[in-house]
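**Q** Here is what each chain is made of, one letter per residue.
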Amino acid sequence: MSGNRVAIEVDHVCKRFGHDEHAVLALDHIALSIRENEFFTLLGPSGCGKTTLLRMIAGFEDVSSGDIRLYGQSLAGKLPFQRPVNTVFQSYALFPHLTVAENVAFGLEMRGVKAADIKPIVAEKLELVKLGGFARRRPHQLSGGQQQRVALARALAPSPKVLLLDESLSALDLKLRKEMQVELKRLQRETGITFVFVTHDQEEALTMSDRIAVMSAGKLQQVGSPEDIYDRPANRFVADFIGETSFLQGRVADGLLHFGDAGSLPGTVLDQSHDGHAALAVRPERLQLSTSGSGLHGVVSEVVYRGVDTVYTVQLADGQPCRVRNTNDSGAVRLARVGDSVQLSAQPGAFHRLQEADHVA
Amino acid sequence: MQASNTLWRFRGVTPTAMLAFVYLYLPIVVLVVLSFNANRIATLWTGFSFDWYLKVMDNDNILRATKNSLIIACGATLLATSFATMAALAMAGRRFRGQAFINAMLGLPLLVPEIVTAVASLLFFLALGLDLGLLTVLIAHTVFCIPFAYLPIRARLEGLDPRLAEAAADLYAGPFATFRRVTLPLILPGVLSGAMLAFIVSLDDFVITFFVAGAGATTLPVYIFGLIRMGITPEVNAVSALMLLVSIAFVALSYWMGQRKS
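Just so you know, the sequences run in chain order R and X.
Be aware that the first sequence starts at 1, since it is given in my numbering, and climbs by one per residue.
Be aware that the second sequence starts at 362, since it is given in my numbering, and climbs by one per residue.
Among the hints, a few may not be true.
[Said to hold, decoys possible] In the SDA-like style, the derived pairs of lysine to any residue whose C-alpha atoms are separated by at most 25 angstroms in a straight line are:
| hint | chain 1 | residue 1 | chain 2 | residue 2 |
| --- | --- | --- | --- | --- |
| 1 | X | K428 | X | L614 |
| 2 | R | K185 | R | H29 |
| 3 | R | K119 | X | L614 |
| 4 | R | K114 | X | F540 |
| 5 | R | K219 | R | H29 |
| 6 | R | K78 | X | D522 |
| 7 | R | K119 | X | A453 |
| 8 | R | K78 | X | G454 |
| 9 | R | K78 | X | A453 |
| 10 | R | K114 | X | D492 |
| 11 | R | K78 | X | L368 |
| 12 | R | K119 | X | R455 |
| 13 | R | K175 | R | K119 |
| 14 | R | K161 | X | E527 |
| 15 | R | K114 | X | T544 |
| 16 | R | K178 | R | L206 |
| 17 | R | K78 | X | L614 |
| 18 | R | K78 | X | T544 |
| 19 | R | K161 | X | G535 |
| 20 | R | K78 | X | E527 |
| 21 | R | K175 | X | A538 |
| 22 | R | K161 | X | A538 |
| 23 | R | K161 | X | R455 |
| 24 | R | K119 | R | E102 |
| 25 | R | K114 | X | K416 |
| 26 | R | K114 | X | L614 |
Honestly, the hints are just simulated from the structure, not real lab data.
In this text, all values refer to a predicted model and were calculated from it rather than measured experimentally.
Kindly produce the complete structure, drawing on both the sequences and the hints.
**A** Dropping the structure here:
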């Protein structure tokens with residue numbers, strides 16, 4: 001689905017707020033390429049700089065140093081209205097004094113498209129977002145989800161080279177958000193436009209994206225496919241931010257993973273290239289809990305029933321806490337209660353070895 | 362209201378309020394009633410008549426003064442509202458050094474005693490060597506109308522989502538197109554409200570006009586003051602009642618504009 005051409009090249013971009021020694025580095029040498037027809041997500045906690053980066057691409061923020069290129073052309077010095085990219089704002093920012101159709105037509109009018117040509121495009125875009133009958137309504141007569149769709153149609157109408165979406169789903173309730181996630185993905189496929197999506201919601205990012213850039217504190221942590229990010233987190237931050245993770249200290253020797261008094265597991269770590277101390281990350285659902293058999297020894301210290309699954313916190317015999325998530329089968333009783341002695345076994349490759357530098361930090 | 366506001370528990374609130382309203386509005390009611398008095402002596406009611414209104418319409422001096430008033434009010438409104446809109450737009454944009462100070466300076470003329478402004482304006486015009494006349498009145502009015510026009514426009518801009526202008530720019534609208542197609546339509550109720558206020562304040566002004574108007578630039582308030590010096594006639598009542606009517610119409614319109622949601 002993703003072409004090989006690079007649509008947006010972010011070339012060592014920095015953003016400083018303030019002056020001199022009081023300057024805050026909001027973006028620290030961000031370098032990434034967004035490919036044509038890609039659903040690319042900037043993911044990170046609030047204040048990580050993801051929205052600032054998006055606003056720089058749109059032209060609402062200046063670049064302190066570095067360069068942003070669109071299909072090889074530098075965007076430096078180009079004002080927002082001179083850039084062939086459109087934005088779906090978090091608050092939608094629909095023009096309240098214009099009808100839905102006038103909102104969608106706005107960008108086309110400003111581009112000098114003839115009135116006769118505008119009408120069919122507006123109708124088509126409204127159809128695309130399933131708002132065919134709403135052309136004459138005003139924004140305040142629409143629900144949040146409908147306003148969201150108008151904002152999408154408005155941004156898509158001028159056929160931008162890149163569509164920027166700033167936390168565009170965060171104002172919707174959960175059910176509507178799920179619907180819109182599928183919807184956005186469909187729109188991206190159908191229009192073939194490059195989407196750059198900003199969110200702090202990791203599930204949203206994993207669901208929709210072709211590739212994700214994880215950011216924290218103005219720095220790029222990792223860029224990769226959802227599978228890369230989830231299964232092979234580059235560092236502790238990514239492992240912690242995306243999904244649930246237990247962090248354990250262990251030792252790799254002779255193809256085994258040793259956890260002191262808790263025992264050892266065979267062949268369950270990715271990257272066994274060198275023996276010795278290892279900082280490990282493991283997803284709770286990749287571990288299996290049992291009351292008999294072999295594995296790491298521990299005692300259950302907490303049980304949280306969550307309907308679809310149950311999360312156990314197990315205090316390993318070497319003192320490290322570790323979480324295990326087991327799916328609840330129909331009619332099954334809980335595997336263990338607080339205080340029970342249990343064994344943990346792992347699927348092959350469940351443990352991911354983090355860069356040594358990270359566990360120090 | 363009676364349930365939530367404990368003030369109403371006290372006895373005598375209603376009579377007090379009524380008294381206050383009588384105090385505020387009885388003189389005006391008396392003026393309007395007496396303007397329909399048939400008697401030559403303004404304060405002695407003898408019968409109903411439209412005579413004084415007809416006399417007003419027939420009085421060249423009054424008509425000339427009215428014309429001056431309207432020219433100045435319209436001119437000052439147009440200029441003051443334009444300047445006020447520009448000032449409000451500048452103040453609503455990016456934050457800059459000394460913004461709070463400038464904001465205070467924009468509102469300050471409302472607090473300066475009018476007589477001070479009047480004397481200062483007169484001295485200023487004399488120093489510049491300008492002949493007193495319609496032009497000097499227009500300049501002076503424009504100046505004191507700016508804060509009146511500024512406040513409602515600023516308030517309206519304050520409530521405007523800055524993302525809307527960004528959205529317009531994002532959709533290929535340059536600064537001027539953004540203003541014309543998005544910002545102006547959205548702040549229009551504030552602009553009109555400001556313009557109405559400026560118009561009324563200008564139409565109403567006596568002190569400053571009295572100082573800076575030359576012989577040919579007599580406005581209606583200044584003319585009425587001149588009439589009063591020769592005694593209160595029913596004619597004065599009639600002119601005043603007409604001005605009141607215009608004022609009420611504009612204030613009501615201004616209020617309605619300000620209230621109207623976009």
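**Q** With reference to the structure, classify each hint as holding or not holding.
**A** Now for the hints, and whether the structure bears them out:
As the CA atoms of K428(X) and L614(X) are separated by approximately 22 angstroms, the hinted pair is consistent with the 25 angstroms bound. A C-alpha spacing of about 30 angstroms is found between K185(R) and H29(R), which places the hinted pair above 25 angstroms, so the restraint is violated. Taking the CA atoms of K119(R) and L614(X), the gap is about 37 angstroms. The hint is violated against a cut of 25 angstroms. A distance of roughly 22 angstroms separates the Cα atoms of K114(R) and F540(X); the hinted pair therefore holds under the 25 angstroms criterion.
With a C-alpha separation of about 7 angstroms, the suggested pair K219(R) and H29(R) falls inside the 25 angstroms cut-off, and the hint holds. Our distance criterion of 25 angstroms between C-alpha atoms is met by K78(R) and D522(X), whose separation comes to about 23 angstroms. Of the supplied pair hints, the one linking K119(R) and A453(X) is violated, its CA atoms being roughly 35 angstroms apart against a limit of 25 angstroms. In summary, the hint linking K78(R) to G454(X) is supported, as the alpha carbons are separated by about 20 angstroms, within the 25 angstroms threshold.
For the proposed pair K78(R) and A453(X), the alpha carbon gap of about 23 angstroms is at most 25 angstroms, so the pair holds. Taking the CA atoms of K114(R) and D492(X), the gap is about 54 angstroms. The hint is violated against a cut of 25 angstroms. With a C-alpha separation of about 61 angstroms, the suggested pair K78(R) and L368(X) falls outside the 25 angstroms cut-off, and the hint is violated. Taken as a hint, the K119(R) and R455(X) pair is broken in the structure, with Cα atoms around 36 angstroms apart against an allowance of 25 angstroms.
Annotation: proposed proximity of K175(R) to K119(R) is violated, straight-line Cα distance about 33 angstroms (limit 25 angstroms). At most 25 angstroms may separate the alpha-carbon atoms for a hinted pair to count; K161(R) and E527(X) meet this at roughly 18 angstroms. Note on K114(R) and T544(X): the hinted pairing holds, with a Cα-Cα distance of about 24 angstroms set against a maximum of 25 angstroms. About 12 angstroms separates the Cα atoms of K178(R) and L206(R), which keeps this hinted pair within 25 angstroms; it holds.
This hinted pair does not check out: K78(R) and L614(X) have alpha carbons roughly 44 angstroms apart, beyond 25 angstroms. For the hint pairing K78(R) with T544(X), the CA-to-CA distance comes to about 22 angstroms; that is within 25 angstroms, so the pair holds. Between K161(R) and G535(X) the CA atoms are separated by roughly 19 angstroms; this keeps the pair inside 25 angstroms, and the hint holds. Distance hint between K78(R) and E527(X) is fulfilled; the C-alpha atoms sit about 14 angstroms from each other, no more than 25 angstroms.
Of the pairs offered as hints, the one joining K175(R) and A538(X) is violated, with about 38 angstroms between alpha carbons and a cut-off of 25 angstroms exceeded. Only pairs whose Cα atoms come within 25 angstroms are accepted, and K161(R) paired with A538(X) is accepted, the gap being roughly 22 angstroms. Proximity of K161(R) to R455(X) is assessed by CA-CA distance (about 29 angstroms); at most 25 angstroms being required, the pair is judged violated. With a C-alpha separation of about 10 angstroms, the suggested pairing of K119(R) with E102(R) holds against the 25 angstroms cut-off.
Restraint check for K114(R) and K416(X): not satisfied, since their Cα atoms lie roughly 60 angstroms apart, outside the 25 angstroms limit. A hinted pair counts as satisfied when its Cα atoms are at most 25 angstroms apart, and K114(R) with L614(X) does not qualify at roughly 38 angstroms.
Figure legend: structure checked against the earlier numbered hints; hints not met, in rising order: 2, 3, 7, 10, 11, 12, 13, 17, 21, 23, 25, 26.
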